[in-house]
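Protein chains in written order, with numbering that gives the first Met the number 0: chain Y, 0 to 592; chain U, 0 to 381.
Keep in mind that the hints were calculated from the coordinates and are not lab data. In this text, all values refer to a predicted model and were calculated from it rather than measured experimentally. Each residue gets a CB set at the ideal place from its N, CA and C atoms; glycine is no exception. Errors might be hidden in some of the hints.
Quick look at which bits of chain Y chain U covers, simulated, 3 or more residues with Cβ under 8 Å [as the list claims (entries may be wrong)]:
id: 1; region: 49-56
id: 2; region: 138-144
id: 3; region: 255-264
id: 4; region: 328-337
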Amino acid sequence: MTVDTFLSETSSTRQPLARLRRVRWSGLVVWLVLLFLIIIPVVTFVLVAISPRLFRQGTSYFTFSNITAAFQGYTGQGILDSLLVATLVGVFSVTFATIIAWIVQRTNIYGRRLWSGAMWLLLLVPTWMTTLGWIDVISPGELMSALGVHTLFFFHMFFGASGIVFVLSTAALPFSYFVISVGMRGLGSEFEDAARVHGAGRLLTVRTVLPIIAPALLSAFAISFAEAMSDFGVAFTLGSSSHFPIATYTLFNAIYAFPANFPVAAVIAAVLILSTVPPVFLQARVMRGRSYAVLSGRTKAVKRYQFSPVARVGVTLALGLFMFFVLGLPLLGAVTSSFTNTASFITTSGIHWTLQSYKDVFQPLPSFTTLGPPLWTSNQLGIWVATGTLVLAYVLARRMASRTPGVGQRITDVFLLGSIAIPGIVLGVGYIFFYDQRFITSHIVDLYETMPLLIMGLIASSVPSQARLLTGPVGQIQSSLSEAARVHGASKWRAFRSTSLPLLSRALVWAWLLTFTKTISELAIAQILYQPGKEPASVVIETYLGTIFAAIGSAATVITLVEMVGVIAVVLLIFRLVTPKGWRRIGEAGAPS
Amino acid sequence: MKLTTMKTKRATKARLLTAVLGSTVAVSSLSMMSVGAATSHASVPTILLYNAQGYGDKVVAAFNATNPGFKIVVDDDSTGPLFTKIQAEMAAGSPKWGLFWADGATEFAALDKLGYLVKNVIPSTGNYNAAGLPNVPTDKSFAPTGLTVTGALCYDSVATKGVMLPSTMAGLTSAPKGLLGMNNPSQSGPTYPLIAGVMAHLGGITSTMTPTTAQVNAAIKKGEAFYLALKKNGLQVHNTNGPTLGAMESNPATLDMATIQSSACYGDIHAQPKPLWATGKVKYLDYSVALPSNIGVDAKLSPALRADAEKFVAYVTSAKGQLAMQHGDPYGDGLFWPVIKGVNPEKFLPSYSVTHAYAINPYVWGPLENQINTWFTNNIVN
Chain Y
0 MTVDTFLSET
10 SSTRQPLARL
20 RRVRWSGLVV
30 WLVLLFLIII
40 PVVTFVLVAI
50 SPRLFRQGTS
60 YFTFSNITAA
70 FQGYTGQGIL
80 DSLLVATLVG
90 VFSVTFATII
100 AWIVQRTNIY
110 GRRLWSGAMW
120 LLLLVPTWMT
130 TLGWIDVISP
140 GELMSALGVH
150 TLFFFHMFFG
160 ASGIVFVLST
170 AALPFSYFVI
180 SVGMRGLGSE
190 FEDAARVHGA
200 GRLLTVRTVL
210 PIIAPALLSA
220 FAISFAEAMS
230 DFGVAFTLGS
240 SSHFPIATYT
250 LFNAIYAFPA
260 NFPVAAVIAA
270 VLILSTVPPV
280 FLQARVMRGR
290 SYAVLSGRTK
300 AVKRYQFSPV
310 ARVGVTLALG
320 LFMFFVLGLP
330 LLGAVTSSFT
340 NTASFITTSG
350 IHWTLQSYKD
360 VFQPLPSFTT
370 LGPPLWTSNQ
380 LGIWVATGTL
390 VLAYVLARRM
400 ASRTPGVGQR
410 ITDVFLLGSI
420 AIPGIVLGVG
430 YIFFYDQRFI
440 TSHIVDLYET
450 MPLLIMGLIA
460 SSVPSQARLL
470 TGPVGQIQSS
480 LSEAARVHGA
490 SKWRAFRSTS
500 LPLLSRALVW
510 AWLLTFTKTI
520 SELAIAQILY
530 QPGKEPASVV
540 IETYLGTIFA
550 AIGSAATVIT
560 LVEMVGVIAV
570 VLLIFRLVTP
580 KGWRRIGEAG
590 APS
Chain U
0 MKLTTMKTKR
10 ATKARLLTAV
20 LGSTVAVSSL
30 SMMSVGAATS
40 HASVPTILLY
50 NAQGYGDKVV
60 AAFNATNPGF
70 KIVVDDDSTG
80 PLFTKIQAEM
90 AAGSPKWGLF
100 WADGATEFAA
110 LDKLGYLVKN
120 VIPSTGNYNA
130 AGLPNVPTDK
140 SFAPTGLTVT
150 GALCYDSVAT
160 KGVMLPSTMA
170 GLTSAPKGLL
180 GMNNPSQSGP
190 TYPLIAGVMA
200 HLGGITSTMT
210 PTTAQVNAAI
220 KKGEAFYLAL
230 KKNGLQVHNT
240 NGPTLGAMES
250 NPATLDMATI
260 QSSACYGDIH
270 AQPKPLWATG
280 KVKYLDYSVA
290 LPSNIGVDAK
300 LSPALRADAE
310 KFVAYVTSAK
320 GQLAMQHGDP
330 YGDGLFWPVI
340 KGVNPEKFLP
350 SYSVTHAYAI
360 NPYVWGPLEN
370 QINTWFTNNI
380 VN
């Protein structure tokens with residue numbers, strides 16, 4: 000045997016091993032998890048559109064008739080309306096979020112923490128609560144009527160396209176705000192200074208600086224668009240009564256019809272998911288070949304624009320008024336309604352203030368469930384879902400923020416945004432379609448109507464938006480930080496712990512809290528997948544709100560909101576007690592304050 | 000130095016406290032991850048009841064207490080989500096539900112047509128009264144357990160003072176403009192039977208008839224014309240009983256009268272400890288539409304479980320079961336007319352004959368539900 004032969008033989012036997020070592024197992028594991036969490040259940044459901052017989056839904060193994068049916072008449076109109084609504088929501092939310100983010104992050108406005116906190120509160124209030132809060136404000140006989148304001152015009156306007164766009168825009172506003180805020184915080188004032196030094200006026204400075212946060216702006220638009228496309232809360236509350244059909248409502252109608260029209264619902268679901276592709280490609284096209292990494296160990300603290308005292312008060316009041324309008328009023332509506340026990344806030348004999356609704360929440364009528372155990376169940380769910388989501392979302396965010404963009408990154412990007420647009424109800428029914436298959440329940444595992452399946456479903460619905468929200472902060476950390484740690488002998492974990500974790504700590508904590516609170520208020524998946532006898536709080540509240548006992552539902556909503564805020568306070572306190580002071584000072588990438 | 004030591008100690012204590020708190024919460028949440036479904040009790044076989052009735056839990060508790068050999072587990076929800084779950088489970092091929100209990104017969108007829116229900120579930124001991132009998136399907140694939148009517152005219156006696164209330168269904172089209180409301184059939188389970196009942200009545204199709212397609216189409220056309228006339232007269236459509244009643248009970252009332260389910264009106268009028276709607280009244284027109292509550296058994300249950308499930312059906316179609324239903328939700332769903340001989344309705348209810356209830360054939364009208372609801376959504380709601 001010659002040396003050459005030996006080398007060639009040994010290298011040929013080693014090659015597969017070496018190739019095997021080069022395979023990125025972590026990536027495979029991530030996709031495997033996503034496969035079972037999102038891809039297979041959703042694809043299974045969407046498959047019904049073209050092959051209804053596979054799922055005993057018709058006579059054809061292959062047909063396009065459902066696609067034709069979905070694009071006709073009412074459902075077709077719903078799809079067009081949804082595209083229009085989502086585009087408007089994207090534009091409105093990004094515009095307002097950019098202005099607010101600039102005011103809060105880059106000026107000396109009073110109460111910066113308060114405004115960021117208000118955005119968080121807005122983020123954790125689900126759209127169905129907002130809508131019901133507004134109904135408690137502007138319906139005849141409700142709060143505004145008690146104040147002597149004639150609201151019938153607004154009431155009719157609310158139950159139409161304007162109401163839907165308004166509620167969805169307020170819901171998308173915090174998503175955009177946080178994404179854009181991160182961009183502005185990471186920017187440093189040196190870019191503005193540089194522009195001004197080179198003679199740029201205010202407008203030119205803005206035009207120079209804004210493109211630097213283009214990823215944040217486009218990302219905010221894409222998230223807002225996808226969130227608006229998939230929102231179930233508005234479809235559930237406003238959609239049915241408005242004269243403006245939207246796709247999620249027609250999908251809801253198709254699924255809850257007698258008998259259910261799963262094939263047409265599947266077509267609508269596919270359209271919702273595919274509609275997110277254009278914004279992602281727009282984003283990719285704009286960002287192609289550019290780097291937006293601006294956050295590093297040398298990032299300087301931002302220099303805030305100093306308003307004159309009068310302007311400072313004026314801007315603060317204007318922002319306060321705006322936040323009161325989008326957040327305070329609907330909350331006030333829900334709160335005032337919860338302190339009465341009558342069909343409307345004002346009755347023929349005046350307003351009857353009482354705590355009866357709060358008592359009824361915990362000592363309900365025979366046919367209703369008390370809120371205590373469901374709220375505890377929701378909290379337990381929240382812990383599991385938030386923790387699982389955080390791990391997976393961080394891994395995905397790192398892949399998305401990779402410095403070596405490739406096809407995989409693009410696929411992940413499109414996949415995540417497409418997943419945001421999946422309505423919860425589709426995930427829920429998709430989970431039944433797949434996990435309740437006889438071969439799985441009999442030979443692998445019988446998960447349907449157990450808590451683990453509900454947890455999986457809730458993680459599947461949270462991961463896409465959380466991963467995209469974390470992509471901003473993760474993408475802004477320059478790789479040189481961990482590279483330096485590695486060069487100095489740190490292990491991978493130590494490099495992460497000593498460089499990325501301190502910078503990201505607050506973003507991670509807030510991502511956990513957001514998922515936790517969203518889990519508590521989630522309705523669409525919970526209603527389909529909850530384990531019998533263990534109803535989550537949202538299901539119980541929805542039961543109340545759909546009846547004449549809406550005041551009890553409002554009281555339950557208020558209690559749940561207060562509990563959510565309490566958990567946020569406790570977790571932030573723990574974060575303050577446990578983490579080194581340095582973390583709190585620098586760990587602000589992506590944090591809202 | 001001393002300050003640094005104190006700070007370190009405080010930080011350590013805080014971390015310890017957090018660790019203890021975190022561990023406690025984590026351990027208490029561990030039970031969540033058990034894959035044991037609600038129905039998997041090792042000691043006794045269990046049957047899952049998909050229940051949309053307010054009294055379901057109470058009735059099941061009473062039944063389980065006297066039937067130790069197996070256990071009924073309740074999954075409470077509205078009719079819509081439960082019906083969707085049943086169909087999705089059937090599509091997947093591994094149904095979990097064992098019993099389904101809800102208002103209306105059309106969804107049961109749909110399940111029966113798909114072969115999902117056990118035939119002849121009504122026990123020989125089932126002693127139906129005259130009101131119950133017309134609602135028993137010929138193949139006995141589901142059992143009527145109670146009767147309410149939909150299409151009764153609920154109204155506020157103060158708001159309608161001076162208004163001549165209609166006394167016939169047709170008269171609603173000439174009632175004072177904008178005063179009448181009803182529910183959205185896409186959202187409210189009892190509303191499609193009302194619309195179908197109106198169409199059937201206008202077309203002269205009774206529950207025992209097997210009408211031709213032409214007869215059904217003619218009835219549908221007449222019904223559509225009726226609802227278009229109501230819309231022209233300012234009909235308001237709210238999602239469900241709750242918002243419709245709320246619109247009548249609010250101040251100022253945005254609705255003076257509505258054709259909805261009788262039990263919902265009585266529930267508010269006779270609520271305890273004090274009435275929610277003291278000025279509310281119910282008027283029966285020339286006809287209303289019978290809305291039976293029904294129970295059905297999954298055809299895919301094992302023979303042993305099927306026999307157990309049928310014991311529960313026998314219970315709720317017995318006098319004892321009917322009383323348990325009434326007592327289980329006395330001011331809500333319990334306000335029904337019993338379908339079993341020897342059981343009286345709650346004292347608030349008038350005689351069933353007063354309602355002039357018109358029964359529909361669910362096998363004729365069930366398959367038309369999507370078509371008619373879509374028409375209603377397109378032409379009346381929107």
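Verification of the supplied hints:
{"no.": "1", "hint": "49-56", "result": "holds (count 3)"}
{"no.": "2", "hint": "138-144", "result": "holds (count 5)"}
{"no.": "3", "hint": "255-264", "result": "holds (count 7)"}
{"no.": "4", "hint": "328-337", "result": "violated (count 0)"}
Hint 4 alone, counting from the list given before, is not met by this structure.
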